[in-house]
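With chain A's structure known, arrange chain B on it following the hints.
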Amino acid sequence: MNVIEAENLTYHYRRTNAVRGLNLTVPEGSVFALLGPNGAGKTTTIKMLMNLLRPDAGQARVLGVSSTLLGPREFERIGYVSENQDLPLWMTVDRFADFGRALHPTWDRDLELKLRRQFDLPGRRPLEHLSRGMTMKAALLAALSFRPKLLVLDEPFSGLDPLARDEFTRGLLEASTEGDWTILVSTHDIEEVERLCDWVGMIERGPMRIAESTESLLSRYRRVEAVNVPSFNNIVPDEWLDFERADGAVKFADRRYVAGQSETAYASAFGGAPVQVRPMTLREIFIAEARSSRALGKEVK
Amino acid sequence: MKRLLIVFLKDARRFRVLLGVWAGSMAVHYYLYIHLSPAEVAGGRGSWAVVLFFASGLAFWISLVLLAVLLVLEDHPGNSCAYWRTQPFKWQEVVTAKLGWCIVVTAIPAVAYTCSLIQFNLGVKALWLVFLSEWAVYALAPFCAAAAAVTAETLLRVANNLIIALLGMGVVGFAIVSLGNLAAANGGPFQDILHGRLVSQLWRDGTLLILPLLLSLAVVVAAYRWRARWAIAWGISACLIWILVASEWPRNAFPLSPKKAAAMAEHIQYSAQWSGQDAAGAPALHVTGVPDDPNYMLVPLALLAPQLNLPNGQHPEMKVRPYPDESGLSVAPASARAAVARVLGNLRALNPSDYPGFRIALPHSDPKVVRTAPFIAIEHAVLFQIHPVAELPLRPGVRARAGLQELKVLGVRRTGAHLDVQLWECRPTSVLVRAWGRSPADLIDFAADQPFPNTVRYSAGLNVTLEQVQRVCPDAVYALVNRGRSEILFPETCSVGANRTILSQYNAFDRTFTFPVEAIDQNWLDGATLVAVRRTWVETVDGAVSTVPVVSR
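Those sequence lines, one after another, are chains A and B.
Residue numbers for the first sequence follow the working numbering, beginning at 1 and rising by one.
Residue numbers for the second sequence follow the working numbering, beginning at 302 and rising by one.
I should point out that these hints are in silico values taken from the structure, not numbers from a laboratory.
Check the hints yourself; a few may be wrong.
Cut-off 30 angstroms, straight-line C-alpha distance, at most; resulting in silico cross-link-like pairs (DSS-like, lysine-lysine) [as the list claims (entries may be wrong)]:
hint, chain 1, residue 1, chain 2, residue 2
1, A, Lys114, B, Lys311
2, B, Lys303, B, Lys391
3, A, Lys114, B, Lys303
Keep in mind the model is a prediction, meaning the values are calculated, not measured.
In isolation and in its complexed conformation, chain A is listed as follows:
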């Protein structure tokens, strides 16, 4: 079962296409990382999913309900943390937790106390007097403590120092082990989600360029480098991204790598030149895809 299903989602800010024809599926129980460069439409997509923005076209279903009809019943099962969220900063951490507890019947007091200890949140201090990292932790505390079925994190690592990021991620990881939650996290900080997510989607204004499990993604992407290439027919397949050639050396990212078959293709293309094939990290995949996307955009223009 899919927790989120979006079809042909489109949103315009006046003349600017923020999101166009987006299809998205987030399986239940997954940790889905929505990746994309700045301005790719990640936040807009999430706002549409959370009924904060009404799509200009297309539709989405969240927890089986149309996103435009999300109401109190659904938000009792959805935790939402965003860097842009206007938290009630005048509240103390204690008051903030009390506020959330009053709203959510499923609030888990033990989990709340555990997270507060883990995050080392000062209860009597107003949120506005906390650092950004601490504020985000407080928001995460309020979003996790009622054990939501769906946790949506919009750029949660933005502005956090490495230590805070690590603590935040660890807290998220530990919390996620305590329940069968689905997490949708949008970010461009790929390193942070690499150890967290099991599904990845890449977006850049248009349809999703990638949307699959991390395992599948990492298995089909390879960085390929060949040196002393005697001859090359200058035909670059679509699946070779970020292709570079200089002084008889060739390197690119192959997004359709199949063990055995791909090596044969490389040998054929590069005249039997020695080829080095190594797995790619999510970050490398992201950069390759982003560059390819931009190059494609320029060509189209």
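Chain B alone, transformed into the frame defined by chain A:
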């Protein structure tokens, strides 16, 4: 309901400081409102209490407007980052909580004001209407400000600063009007309901008052329902601005020109006549000539009825008989009369055959009693000067004007042996009558004609001075009259009956009109009456038209 309460309490904590300022300033303002003499407030004597009165009033209104604006904008759904938008709330619950607060903070002062009427002005009919009208006055500025803020917040994305500035000016305009009303002790057109005057003009004004209020509410609700889609907000705001421009109410809130004031005074003229006895043999007061609304007389009659002392020395309740038909006149409930009698026990009618007017006597030297009675007077008591028609040398056609004086007493304050009586003649012209008696037991009498916007100060037996003249009526002369001796002092003409000639001294610089009555012997002054008469009447009628009895003991 639970979630509504959560938002409500959350906002209470969020704005606890502002709520504290609002509540504190309102408490101080109302306390001073009750205890300060309107004469002091109107006079602006500069005492710390008066300064505090206005400062607390200003703080009250500013905090009220700020509360409404901040409450509405706090979780405004036009902000897609608003926290509650991803919390289990319905928009209806949030907006209800917001409006609930707005209604609370505007209704409480209206309730306080209405309660003061229950306590001090028992003759007021339809308290719910009074409350509603007062609530509308209190709610108009903050709700409109909130609506303007919501609209401006929405328009920020699409409109230029000019529109926002216009909306801001509208808000400021409302604030000025509200403060103007406050300073003038005038709650706007609905204020007249307090006097039982419900005429069509007022309903029209009231409708124009309610309409922007409802539209403002619509803006706020629409903003929450449709997330402040700018077209809706702008459309409603444009309509609201149009109503403001079309409405005469903001203009009416400011002081009227003398010409218009005179026209208004004409409009509310009525007459009464003392008929001597009714069919059952009891004295009766007939009231006629209320042009638009027979209810106009309800309040004063109810107030005065138990206090009338009849010429023959009896003290029965005054019977109020409808005239010319059965509609429109009634008396206050028995409980109300009892309360009135307790407080205003010394307000009594003068013998109509001797004195045209009522007397307020200081019952005794207990300052508490003296302070209690004025509170009724402060609010909306209306005194009548009832002339035995047959005795008045009136021309046909002027009876309505001369036969009855209407004096709305705004405040009476005693300082030592002095008793200051401030009269509210008719909006917006006010009459301030200051009377001094030589001892607390002195009877203090006062009356005024409509064109009598002057301060009268007299010290019985010493002199009589018109001072602090706010507006010298060009066609009036002032005179001292001793009816018993058929003597009249006409200061301008220097002609006095019974072979007396006393020159008046009129100082145009400080607008003081002085009668040097030292030349008059004490016996003559006893029973003399201070008279304000129109020149035209004097020319054609040999006698006083309206009088202020001067009494010395």
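To see whether the hints hold, each was checked on the structure:
1. Distance restraint check for Lys114 of chain A and Lys311 of chain B: the Cα-Cα separation of roughly 25 angstroms lies within the 30 angstroms cut-off, and the hinted pair is therefore satisfied.
2. Restraint check for Lys303 of chain B and Lys391 of chain B: satisfied, since their Cα atoms lie roughly 12 angstroms apart, inside the 30 angstroms limit.
3. With a CA separation close to 27 angstroms, the supplied pair Lys114 of chain A and Lys303 of chain B stays within the 30 angstroms bound.
Consistency with the previously given hints is maintained throughout, with no hint failing.
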